[in-house]
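Undergrad: Top to bottom, those sequences are chains A and B.
Note that this note's numbering has the first sequence beginning at 1, numbered continuously upward.
Note that this note's numbering has the second sequence beginning at 1, numbered continuously upward.
FYI, nobody ran anything at the bench for these hints, they're computed from the structure.
Accuracy of the hints is not assured; some may be wrong.
[Claimed, not checked] Here are the simulated DSBU-like pairs of lysine-lysine, each with C-alpha atoms no more than 35 Å apart in a straight line:
id, chain 1, residue 1, chain 2, residue 2
1, A, K361, A, K80
2, A, K383, A, K125
3, A, K382, A, K86
4, A, K86, A, K160
5, B, K94, A, K423
6, A, K125, B, K135
7, B, K163, A, K178
8, B, K94, B, K207
9, A, K177, B, K163
10, B, K207, A, K423
11, A, K151, A, K361
12, B, K135, B, K94
13, A, K423, A, K383
14, A, K178, A, K125
15, A, K382, A, K361
16, A, K160, A, K361
17, B, K233, B, K207
18, B, K102, B, K163
19, A, K361, A, K125
20, A, K151, B, K86
21, A, K383, A, K183
22, A, K125, B, K86
23, A, K160, B, K86
24, B, K163, A, K361
25, B, K94, A, K125
26, A, K383, A, K178
27, A, K151, A, K86
28, A, K423, B, K163
29, A, K423, A, K151
30, B, K263, B, K135
31, B, K102, A, K423
32, A, K160, A, K423
33, A, K177, A, K361
34, A, K178, A, K423
35, B, K102, B, K86
36, A, K423, A, K80
Remember, it's a predicted structure, so these values are computed and weren't measured experimentally.
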Amino acid sequence: MSSLELPSSAYPSPTAWGKHLSRRQVVQGGLALGASAVVLGACGSDSEDGSLNPGSASGTLTIGSNASDPDPQAGLVAVKDTFPNKDVEISINTLDHNTYQENINNILQAGEDDVLAWFAGFRNKFFAEQGLLGDISDVWEQSSGLGEGFKAASTASDGKQYFMPTNYYTWAVNYSKKLFAEKGYNEPQNIGELLDLADNMATDGITPFAFANDGQWPIMGTFDILNMRVNGYDFHIDLMGGNESWTDERVRTVFSTWESLLPYHQTGANGRTWQEGAAALETGEAGMYLLGTFAASASDALAADMDFFNFPEIDASIGASALDAPIDGFQMIANPSNASAAKELLLHMSTPAAQDAYLTKDPSVVASNSNANTGTYNDLQKKSAALAGAATGISQFLDRDTIPDFAGECGNMFAEFIEDPSKTDSLLADLEEKKVAIFADYS
Amino acid sequence: MSTKAPTTDPNLSALAEHNDDTPTPATPRGRGGRRYSLLTSSDRSTITAMTAIPAALHIALVWIPALGTFLLSFTNWNGVRWSSLKWVGLRNYKQLFTVFEKDLYESLLNNLWVMLALFFVGTPLGMFIAYILDKNLRGSAVYQSVFYAPVVLSLAVVGFIWKSVMYSPGQGVLNSVLGRTGSGNQIDWLGNPDRVIAVGGEYGLGKNFLALVVAMIWIHVGYVMVLYLAGLKSVDPTLREAAAIDGANEWQVFRKVVLPSMKPVNIVVLVITVITSLRVFDIIDVLNNPIGTDVLSILVTDNILGESGNVGRGSAYGVVLLLVCFVFAVVYLRNAFSEDDA
Chain A
1 MSSLELPSSA
11 YPSPTAWGKH
21 LSRRQVVQGG
31 LALGASAVVL
41 GACGSDSEDG
51 SLNPGSASGT
61 LTIGSNASDP
71 DPQAGLVAVK
81 DTFPNKDVEI
91 SINTLDHNTY
101 QENINNILQA
111 GEDDVLAWFA
121 GFRNKFFAEQ
131 GLLGDISDVW
141 EQSSGLGEGF
151 KAASTASDGK
161 QYFMPTNYYT
171 WAVNYSKKLF
181 AEKGYNEPQN
191 IGELLDLADN
201 MATDGITPFA
211 FANDGQWPIM
221 GTFDILNMRV
231 NGYDFHIDLM
241 GGNESWTDER
251 VRTVFSTWES
261 LLPYHQTGAN
271 GRTWQEGAAA
281 LETGEAGMYL
291 LGTFAASASD
301 ALAADMDFFN
311 FPEIDASIGA
321 SALDAPIDGF
331 QMIANPSNAS
341 AAKELLLHMS
351 TPAAQDAYLT
361 KDPSVVASNS
371 NANTGTYNDL
381 QKKSAALAGA
391 ATGISQFLDR
401 DTIPDFAGEC
411 GNMFAEFIED
421 PSKTDSLLAD
431 LEEKKVAIFA
441 DYS
Chain B
1 MSTKAPTTDP
11 NLSALAEHND
21 DTPTPATPRG
31 RGGRRYSLLT
41 SSDRSTITAM
51 TAIPAALHIA
61 LVWIPALGTF
71 LLSFTNWNGV
81 RWSSLKWVGL
91 RNYKQLFTVF
101 EKDLYESLLN
111 NLWVMLALFF
121 VGTPLGMFIA
131 YILDKNLRGS
141 AVYQSVFYAP
151 VVLSLAVVGF
161 IWKSVMYSPG
171 QGVLNSVLGR
181 TGSGNQIDWL
191 GNPDRVIAVG
201 GEYGLGKNFL
211 ALVVAMIWIH
221 VGYVMVLYLA
231 GLKSVDPTLR
241 EAAAIDGANE
251 WQVFRKVVLP
261 SMKPVNIVVL
271 VITVITSLRV
281 FDIIDVLNNP
291 IGTDVLSILV
301 TDNILGESGN
311 VGRGSAYGVV
321 LLLVCFVFAV
331 VYLRNAFSED
341 DA
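Please take these sequences and the hints and turn them into a complete structure.
TA: Now the structure itself:
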């Protein structure tokens, strides 16, 4: 009945049609291979006992991927091509990024894909605790070059690993090198210097911070960093885990700090996309932009001119060594059709060879393996790696560190807060009430 | 199903002439020849099939899911395994009215704004455009296509048009035309939830929701226009002429002659207007559901879909939506049947 069910793009352009076909073929190919893998698995040769013995696996394997953008998609193909065991036939089943995320529950249970692209931390543990993921502790035993921080982010409450991190990026204060050189600005070392810098920018007619919140996730990064600077990493993780109250005085302090910084930000952030925020940084309309380093991907000009600094310390006793650095990687379903091949692939994904191959196609992220080739890194990658390497606490970003439902409520609350900070207390009381209800649902 | 369609059946073609007491020669039924059925056995099986198959589909695809939603609204379930389903009684409903009450009331109110806007603005505007275009203007087909285009466009395109072309704060058409693209000077069309109309202390019609409603009207107008264009074609021109000769002016002809003679179309449009406003979802979703723009269907999908589905709470929202729909369905059916009786 709706107008929207009428045949819409009846005559797509040739390029659109081509893309559509290829994606569909990828999916169908994946389904067919998945089905044949089930048959093979059912035949049950001795080597297919699900143990990890590199080089011994054979048969077919399907990777479920949300890498629908061109660079990550090419990167995954490169990883597949460098897989040394040619007896395993790997197919990649790519879905649109958002579709994939919304349907992950079904994808995990459908059993068509053995190895699935996903995120480290809470969102991986959540499914591990539902019994939907396979234990890959044996893969971790044979891997090397992955730091303790990555292991912690891949470990569920039972102490086993359910995730293989492959790359990450950092959140920091991005700026234009050209603008800083022109105006003689310097990277601030503490909150006082940051405020001075912001005042100078305002005097120069520049909006100190670009600010965008379309989709209600970008400014979660601002909350994360302020909470970690004001209250520290441990409090932040406890708060995300539902173990601290949002009406706590410490949380209130974060919002007071944020409120005092709001006048330095662009107004009308809720309707602005992060790309539009990046455009303000590129044109010099805004001087700084707290966002993931992916901000550089908004335009080639910005990528060439962008640099960043770690958000400076607010409280000297807390320091500035915690930050958001979301880790991407892969997990294995609970009952893969070809467990030995799946584990072999995950082990391969942890190696410098696979990660180097990926980064040649997608240079916006940093390899998780410390032995990966950093020689090809651009300046942003080098700085990201140094920043995360020196960090004492790495969080995954608010919507990866807590129950997704609750992250949505936080996003709403932050959006309302920046519209009218005078409502903070009632907004926080409301959020705490929702937190109790939502966490009770998942306990 | 039998292909012996009623038209080829002598009994049925004779149906009109028969009174109840007239015996049917072809298929006498019943003992003593006192009562006769008008239907052959193949008629019966045809009728049975023609009612049973749609009824079975209707029950399977509408009522069983509806009943399932109702039952699931009393559970706490993440949608993963049946074993994790917990019965929690009325807890979800209690929480809807105590913990999530702001979301619920805001959504109900937003659904109401959409209904009012479509009824008082969108539908009359569509009707007006149809009335003008029915006068065989030059290039009428072009205008029709233009106004109908929003209905046909893919949602991805609709989202792009409103988000990036029209409402974008830095680069959008509206702010450019108004000269409001400068830093600190921009109008945040989709992000600003300040009230245009305040209801109580906390609720009302947000500016950004009004911006979304404009986009909804934009689509609705084209749809209504097409329906009325078809309706206007069926109005007997002699009625208009007669009214004009009697001295009625244009408005009077429309109000007293054209509109009443389009009654079937009016009912269809009314039903579509109500349904559209209750199930509105897509346009809000493609514009990224800014703050303060939740409607019931958004709350349902936000809770049930998504990676950590909360099926119980989402179903409770669904039941609320179902009850609201029931109110309108009952009002509509009562009107429809009371007119049939009259």
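Undergrad: Does each hint fit the structure? Answer for all of them.
TA: Now for the hints, and whether the structure bears them out:
Of the supplied pair hints, the one linking K361/A and K80/A holds, its CA atoms being roughly 13 Å apart against a limit of 35 Å. Taken as a hint, the K383/A and K125/A pair is honoured in the structure, with Cα atoms around 29 Å apart against an allowance of 35 Å. Between the alpha carbons of K382/A and K86/A the distance comes to roughly 33 Å, so the proposed pair stays at or under 35 Å and holds. Distance restraint check for K86/A and K160/A: the Cα-Cα separation of roughly 29 Å lies within the 35 Å cut-off, and the hinted pair is therefore satisfied.
Restraint check: the Cα-Cα separation between K94/B and K423/A comes to about 25 Å, which is no more than 35 Å; the hinted pair holds. About 66 Å separates the Cα atoms of K125/A and K135/B, which puts this hinted pair outside 35 Å; it is violated. In summary, the hint linking K163/B to K178/A is supported, as the alpha carbons are separated by about 31 Å, within the 35 Å threshold. For a cut-off of 35 Å, the pair hint linking K94/B to K207/B stands: about 30 Å separates their Cα positions.
A distance of roughly 31 Å separates the Cα atoms of K177/A and K163/B; the hinted pair therefore holds under the 35 Å criterion. The hinted pair formed by K207/B and K423/A meets the criterion: a straight-line CA distance of about 18 Å does not exceed 35 Å. Taking the CA atoms of K151/A and K361/A, the gap is about 25 Å. The hint holds against a cut of 35 Å. Taken as a hint, the K135/B and K94/B pair is broken in the structure, with Cα atoms around 56 Å apart against an allowance of 35 Å.
Between K423/A and K383/A, the direct Cα distance comes to roughly 38 Å. Violation of the 35 Å bound is thereby established for this hinted pair. Annotation: proposed proximity of K178/A to K125/A is violated, straight-line Cα distance about 43 Å (limit 35 Å). Using a Cα cut-off of 35 Å, the hinted pair K382/A and K361/A holds, with the two alpha carbons roughly 17 Å apart. Pair hint K160/A plus K361/A holds up; C-alpha atoms about 31 Å apart against a cutoff of 35 Å.
Pair hint K233/B plus K207/B does not hold up; C-alpha atoms about 39 Å apart against a cutoff of 35 Å. The straight-line distance between the Cα atoms of K102/B and K163/B is roughly 26 Å, inside the 35 Å bound, and the hint therefore holds. In summary, the hint linking K361/A to K125/A is supported, as the alpha carbons are separated by about 29 Å, within the 35 Å threshold. Taking the CA atoms of K151/A and K86/B, the gap is about 33 Å. The hint holds against a cut of 35 Å.
At most 35 Å may separate the alpha-carbon atoms for a hinted pair to count; K383/A and K183/A meet this at roughly 23 Å. With a C-alpha separation of about 21 Å, the suggested pair K125/A and K86/B falls inside the 35 Å cut-off, and the hint holds. Of the pairs offered as hints, the one joining K160/A and K86/B holds, with about 27 Å between alpha carbons and a cut-off of 35 Å not exceeded. Distance hint between K163/B and K361/A is fulfilled; the C-alpha atoms sit about 31 Å from each other, no more than 35 Å.
Distance check on the hinted pair: K94/B and K125/A sit about 30 Å apart at the alpha-carbon level, within 35 Å; holds. As the CA atoms of K383/A and K178/A are separated by approximately 18 Å, the hinted pair is consistent with the 35 Å bound. For the proposed pair K151/A and K86/A, the alpha carbon gap of about 29 Å is at most 35 Å, so the pair holds. The hinted pair formed by K423/A and K163/B meets the criterion: a straight-line CA distance of about 28 Å does not exceed 35 Å.
Taken as a hint, the K423/A and K151/A pair is broken in the structure, with Cα atoms around 40 Å apart against an allowance of 35 Å. Under the criterion of a C-alpha separation no larger than 35 Å, the hint pairing K263/B with K135/B is consistent with the structure, at around 20 Å. A distance of roughly 14 Å separates the Cα atoms of K102/B and K423/A; the hinted pair therefore holds under the 35 Å criterion. At roughly 43 Å between alpha-carbon atoms, K160/A and K423/A are farther apart than 35 Å, so this suggested pair is violated.
The straight-line distance between the Cα atoms of K177/A and K361/A is roughly 25 Å, inside the 35 Å bound, and the hint therefore holds. Taken as a hint, the K178/A and K423/A pair is broken in the structure, with Cα atoms around 39 Å apart against an allowance of 35 Å. At roughly 26 Å between alpha-carbon atoms, K102/B and K86/B fall within 35 Å of each other, so this suggested pair holds. Restraint check: the Cα-Cα separation between K423/A and K80/A comes to about 51 Å, which exceeds 35 Å; the hinted pair is violated.
Of the numbered hints listed earlier, those contradicted by the structure are 6, 12, 13, 14, 17, 29, 32, 34 and 36.
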